[in-house]
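Once you have looked at the hints, place chain B on chain A.
Protein chains: 2
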Amino acid sequence: MKAGNKQIGARLRIVVEPDLAIGPGKADILEGIKETGSITAAGRRMGMSYKRAWLLVETMNRCFRTPLVETSRGGRAHGGATLTPTGELVLDCYRRMESRTQRAIEKDMAKLRAVVRDLAN
Amino acid sequence: MKAGNKQIGARLRIVVEPDLAIGPGKADILEGIKETGSITAAGRRMGMSYKRAWLLVETMNRCFRTPLVETSRGGRAHGGATLTPTGELVLDCYRRMESRTQRAIEKDMAKLRAVVRDLAN
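So the sequences go chain by chain: A and B.
Counting from 1, one number per residue, gives the positions in the first sequence under my numbering.
Counting from 1, one number per residue, gives the positions in the second sequence under my numbering.
I should point out that these hints are in silico values taken from the structure, not numbers from a laboratory.
Backbone N, C-alpha and C define an ideal beta-carbon position, used for all residues, glycine too.
Be aware that one or more of the hints could be misleading.
[Stated by the list, open to error] A few chain B residues that face chain A, going by a derived Cβ cut-off under 10 Å, partial list only:
1. K6
2. G9
3. M48
4. R52
5. L55
6. C93
7. A104
[Stated by the list, open to error] The following residues of chain B were derived to be distant from chain A, with all beta-carbon distances above 10 Å:
8. E17
9. D28
10. K34
11. T40
12. A41
13. G47
14. R96
15. M97
[Stated by the list, open to error] Calculated lysine-lysine pairs in the DSS-like style (CA-CA distance at most 25 Å, straight line):
16. B:K34 with B:K51
17. A:K34 with A:K107
18. A:K34 with B:K111
19. B:K6 with B:K111
20. A:K34 with B:K107
21. A:K107 with B:K51
22. A:K51 with A:K34
23. B:K6 with B:K107
24. B:K107 with A:K107
25. B:K6 with A:K111
26. A:K34 with A:K111
Chain A with its partners taken away, still in its complex shape (with noise of 0.2 Å):
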């Protein structure tokens, strides 16, 4: 399993249009990079390697047609990175997202909770 299994909640991969999506992995890579201004922190913040968080940058910028993320030097250079408003937005929306399914599962969570609770003693 995932290590996204490990936390109990619930993940929620929204997808925007056809082969345009945005998960937990996509969402934490943008926050790295506003939190840390930088590609490589971000992706070690998540035990990602530099090429793999690159990678996942890129996907989203070509995904969602205007980047997301803009790298201060440009290309593969080790240098700053930064969110755009289209980021900004992206991120501020699946967060949002995020806390509101929470809310909305509660009930059913704790009836699921309690069913597997029963059963292991």
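Just chain B now, kept in the frame of chain A:
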């Protein structure tokens, strides 16, 4: 990209406990078994081999501690299959979580789609 990324909307993976999760694939196979009374038929609807469908069911039965699916002849026989009360409960909870999530994210979804549309034009 996965086929699940073709249909616009939220994909929900619920981590009930560490390493105990239910997502769109497991929900669809549960629903397929409920509607067809057969693991083979449920898998076929999803373009899945019998073996793959059966392994998915086996994983669920093991992860949820009490089986979610019962086979009428037991084991790998191609006989009938039904949901147990726990299977029904898990499927119901998941479908309700899904529809509540779609409602909860509606506004932000419209926002994301508007950005994407503007950029495409």
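Quick rundown of the hints versus the structure:
1. K6: 5 Å, holds
2. G9: 6 Å, holds
3. M48: 20 Å, violated
4. R52: 17 Å, violated
5. L55: With a closest approach of 14 Å, the B:L55 hint is violated.
6. C93: This interface hint holds because 4 Å falls under the 10 Å limit.
7. A104: 4 Å, holds
8. E17: 6 Å, violated
9. D28: Fine: 15 Å to the nearest Cβ keeps B:D28 off the interface.
10. K34: 17 Å, holds
11. T40: 26 Å, holds
12. A41: 26 Å, holds
13. G47: Holds: least Cβ distance 18 Å, greater than 10 Å.
14. R96: 5 Å, violated
15. M97: Violated, because the least Cβ-Cβ distance between B:M97 and chain A comes to about 4 Å, which does not exceed 10 Å.
16. B:K34 with B:K51: Cα-Cα ~18 Å, so holds.
17. A:K34 with A:K107: Violated, at about 33 Å.
18. A:K34 with B:K111: The given pair, whose Cα atoms are some 21 Å apart, holds under the 25 Å limit.
19. B:K6 with B:K111: Status holds; Cα separation ~19 Å.
20. A:K34 with B:K107: 24 Å, holds
21. A:K107 with B:K51: It is violated: about 35 Å lies between the C-alpha atoms, which goes past 25 Å.
22. A:K51 with A:K34: Distance of about 18 Å is within 25 Å: holds.
23. B:K6 with B:K107: Holds, at about 20 Å.
24. B:K107 with A:K107: 22 Å, holds
25. B:K6 with A:K111: 31 Å, violated
26. A:K34 with A:K111: 37 Å, violated
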